[in-house]
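Participant: Here is how the chains run, residue by residue.
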Amino acid sequence: MKTFRMGGVHPADKKISQNAQIEKLPIPKTVYISMIQHLGAPAVPCVAVGDKVKVGQLIGTPTGFVSAPIHSSVSGTVKAIEMINDLSGRQVNTVVIDTEGDEWMEGIDRSETIEREIKLDAKQIVERVKECGVVGLGGATFPTSVKLSPPPTAKPTCVIINAAECEPYLTSDYRVMMEMPEQVIIGGTILMKALGVNKCYIGVEENKPKAIAKLKEFCGKYSGVEVVTLKKKYPQGGEKQLIDAVIGKRVPSMGLPVDTGAVVQNVGTAFAVYEAVQKNKPLFEGVMTVTGDCSNQQRNFVHRVGTPLSFIMEFCGGVPAQAAKIISGGPMMGKAIVNIDAPTLKGTSSILYLTEAQTKRKEESNCIRCGKCADACPMGLEPYLLNKLGRASMMDELEAHYVYDCIECGCCSFTCPAYIPLLDTIRQSKAAVMKIMKSRTAPAPAK
Amino acid sequence: MDKLIVSPSPHIHGKESTRRLMGDVIIALLPAVLVAIYLFGLSAIHLVGVSVISCVAVEYLIQKFLLKGKSTIGDLSAVVTGVLLALNLPVSSPWWLILIGAVVAIGIAKMTFGGLGQNFFNPALVARVVLLVSFPVLMTGTAFQAPVDGYIFGNAEISRAAMDATSGATPLSFVKEQIAQGMTVSEITKSSGLSYFQLLFSAIGGSAGELAELALLLGFIYLLIRKVIKPYISLTIIFTVFLFSGILYLVNPERFMDPLFHIFSGGLLLGAFFMATDYVTSPMNLKGQIIFAVGIGVITMLIREFGSYPEGVSFAILIMNATVPLLNKIKPARFAKEAQKK
Amino acid sequence: MNTIVFTIATLALLGLLLAIVLYIVAQKFKVEEDPKIDVVEALLPGANCGGCGKAGCRAFAEAAVKEGLGNLFCPVGGNTAMQNVAQALGQTIEAKEPQVAVLRCNGSCNNRVKTNIYDGYATCATITSLYHGDTDCRFGCLGRGDCEAVCKFGAIKVNPATGLPEVDQEKCTACGACVKACPKLLLELRNKGPKSRRIFVSCRNMDKGAVARKACKVACIGCGKCFKVCAFEAITIDKNLAYIDYTKCRMCRKCVAECPTGAIHELNFPPRPVAAAKPAEPKPVEQKVEVPVNK
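Chains C, G and S supply the protein sequences, listed in that same order.
If you count by this note's numbering, then the first sequence holds residues 415 to 861, one letter each, in order.
If you count by this note's numbering, then the second sequence holds residues 46 to 387, one letter each, in order.
If you count by this note's numbering, then the third sequence holds residues 355 to 649, one letter each, in order.
Pulled out of the complex, with its shape left as it was, chain C reads as follows (with noise of 0.2 Å):
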């Protein structure tokens, strides 16, 4: 079975939401869309306050080529754009759009029916999927056009679906493996088209018996199609490790992973480029898994983007009682909720209720050296003596052990036995040394 080469941790599984089938979660009143859904230059309102919208229609333009459109999730008007405070507490600017029926906009095949065959070329793919807001739904919402225009100088070779999903509690890619395994599948084939290249991996862990006997049941009609088994071990859905466990190629430091020829997309993003090219439909709708141990629901949502937090937390029968601490996203790299009242993302792909017993952190004590940090860090780094170095701020010996390859996997906060916040001062060494590495680089070229 394959894996990546180096560290990893074997967090508790806790897929306790995985047989709750995906429902459609009611449009809510008001919805809150955010003009930074994606990573890199937020998106412009491109609608006036008073102005009738409908379902998909562009209510965001992109700037820059690092960006990404904004469509409207609802139908109605647009009671006002303002900046409205995001689930950690940061202003961002919004369109606030009071809901009137659900008119969708002309164009969009809102029927059930699979559509297998690729009409477009490629460059009418990746064009298509720009226009749609497709970004990438693995976490990092990179812009996924960005991603299917590789600089020239890189050759794609291949395709790799990340249906890992290696985070503890989270199924929302589990159920879309399940309930939609051709369109995922045919979304892998639009992107193969979209890159000129003939050979799609879908890598699933091996916990996931069920969707990889699904999967695989439809990828023999589809050609240059594989379901890849992966072991159970975490970061394996991390982009440089699926690489590496895939096809046994490094992501080179602070290179692009198409430099090893592969182009990695989530479960999500591929049945989102199936539904962008295929129906013609923008992405303003999300899969997202809403659990957690102390929750009495288990459930898994398709949900509008924009729809607040508090609104489905309420529609699940409220916060359960004894949740501390609520996480958007997993356990491992999620963030934690500050705001519930803030709207859902494109990227939003859970929310998750904690017990204080189950996150509370415990009081730090002496590094006791065990390297268990080290063992489990999946990019061969030395945790214990890059948080050393961090709290030192000694800059230089940072950037000389690599502290800018750090993933934020947090495998080393989770194995450390002496409750040392190592990725909180790593993640903030890696920014400051960052920085002024591109510092160092910008005013070069000057000379």
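Source of the hints: derived by calculation from the structure; they are not laboratory data.
Among the hints, a few may not be true.
[What the hints assert, rightly or not] List time: in silico SDA-like cross-link candidates among lysine to any residue, alpha-carbon distance up to 25 Å: (1) K802/C to G159/G; (2) K468/S to K635/C; (3) K408/S to A806/C; (4) K408/S to R854/C; (5) K109/G to Y833/C; (6) K534/S to E811/C; (7) K534/S to G407/S; (8) K534/S to S502/C; (9) K776/C to A367/G; (10) K776/C to Q163/G; (11) K511/S to E496/C; (12) K272/G to A846/C; (13) K376/G to F165/G; (14) K562/S to E496/C; (15) K408/S to V379/S; (16) K749/C to E61/G; (17) K374/G to A846/C; (18) K802/C to A367/G.
Starting from the known structure of chain C, fit chains G and S onto it as the hints suggest.
Facilitator: Relative to the frame of chain C, chains G and S by itself:
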């Protein structure tokens, strides 16, 4: 839900904690302790008890009155040091000797550097070596107490006589003494009735932890199963000793003891399983660990065969402890290859 | 006897040999430096704090000798040290007003309720990179003491009772390290003022009045009353936040009485006849509570 907790990721933590790891080490040491108690009864209980209590007390007092910090005895590391110290002392040790050992181990070797995780040298070993050079007679001479007649070297009378003739009680010192007097190996084994069976099953004199090699092996396997330690350091030490003594044995079997004798006698297994694998004083990465372990093996054998002390494991580990900061400079294998220069 | 002679001879020979080696090496690798640099360095306080913008006192001295004093100013040594340096270099410089760091937040535990529990590495920088902070005020002090950690003079300490740092104006050298360290830009270097008297807005909240007030009892709500009452155009209001320009302020204290939330602080003034406020201590936080502005 009153106030939400907010923190950077990751939001969950593995089961491991310092306390749990130390607890596992204590459990792993239990078989050896039990064997000592079985063989020596009350005096072994006295040794382990005094050692553990004084180690914990010394750490508590230093933390409270000198460092004025929060008590750190809860992490159980002082207990581990206490048990290891006990296993490194002869059962006949008087209480004050153990107490001095505890003060040296915890007070000087550990807390001076800032407590758990900060020390360069294995505390229990520092104590053992300090006691060994300060009280050589107590540490070796009267160490030997035969609990049951005949338990030593098969034939009680012979071994008694043999023991009386030497100052040291362990097989290593006994053999070394005999060889120095010009006897050949075959003569020694014949006269003393030494056998591997006794080496493995507790029938030999020495420090409390050097008695039952099988019990130590049991603890080692437990640590491996619980993933507390990795086997590389221990196995490399044993392999190096095997290789080193094997070559010597092949060169002259009448002058040098065979490899198995070296592996199963003295403190080698105790050192390889429990002392050299101490997290704090061993290197972090595999390459460093291998160099560290080979160094211990080589130095041990050099001291045993050519040095003036019959046993060299403690010295070997301490010497290699000193190289750890240097060995830690070896960077582990990195996942990402260096960026291509354009 | 022989032993002693031999020993002495060997050691003497060895010493001589090493001395020669040292001398050759010293000559070979000699670095020519302007001796003035040493002179200037000796005149500097030697704190190596970096408050002047250079890497340390040596770097400052080098820059001063090579490029002239220009805008260089040693905040720690202050005017005395600068005058000495200028004299040594044969230049003249103008005296600067002494300054001191001031915290522009009064969101103590009582004034600003915590609305969530932060449970991570406790530095202000880490919190800032994660989210807005553990109160509803996005602008306020996080109280984790990044400023305290960078202060080389022990002049700034977080008071556990209020959760806010306090500046000791006697120890503060206005080196500016804390100003750079604060991710919320709450610390400002302001003129020490006559008799150390200072008036400033102790708030950085740029939210609308209602939002700001809800998050913190003593927030500046941008009402503009102080702006209207100021006769010297020292007060500006930008993004719902008042700011007092210390170069224009004449210390009339009218704005302090006018402020409805008590966000404007006066320091080291004698007590007013009406209220029996205690004489000011160099502890802004404690005093803030005592200033009787709402009466």
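Participant: A separate judgement is required for each hint: does it hold in the structure or not?
Facilitator: Here is how each hint holds up against the structure:
{"no.": "1", "hint": "K802/C to G159/G", "verdict": "holds (15 Å)"}
{"no.": "2", "hint": "K468/S to K635/C", "verdict": "violated (58 Å)"}
{"no.": "3", "hint": "K408/S to A806/C", "verdict": "holds (20 Å)"}
{"no.": "4", "hint": "K408/S to R854/C", "verdict": "holds (18 Å)"}
{"no.": "5", "hint": "K109/G to Y833/C", "verdict": "holds (23 Å)"}
{"no.": "6", "hint": "K534/S to E811/C", "verdict": "holds (22 Å)"}
{"no.": "7", "hint": "K534/S to G407/S", "verdict": "holds (11 Å)"}
{"no.": "8", "hint": "K534/S to S502/C", "verdict": "holds (24 Å)"}
{"no.": "9", "hint": "K776/C to A367/G", "verdict": "violated (32 Å)"}
{"no.": "10", "hint": "K776/C to Q163/G", "verdict": "holds (21 Å)"}
{"no.": "11", "hint": "K511/S to E496/C", "verdict": "violated (38 Å)"}
{"no.": "12", "hint": "K272/G to A846/C", "verdict": "violated (35 Å)"}
{"no.": "13", "hint": "K376/G to F165/G", "verdict": "holds (19 Å)"}
{"no.": "14", "hint": "K562/S to E496/C", "verdict": "holds (13 Å)"}
{"no.": "15", "hint": "K408/S to V379/S", "verdict": "violated (30 Å)"}
{"no.": "16", "hint": "K749/C to E61/G", "verdict": "holds (23 Å)"}
{"no.": "17", "hint": "K374/G to A846/C", "verdict": "holds (23 Å)"}
{"no.": "18", "hint": "K802/C to A367/G", "verdict": "holds (21 Å)"}
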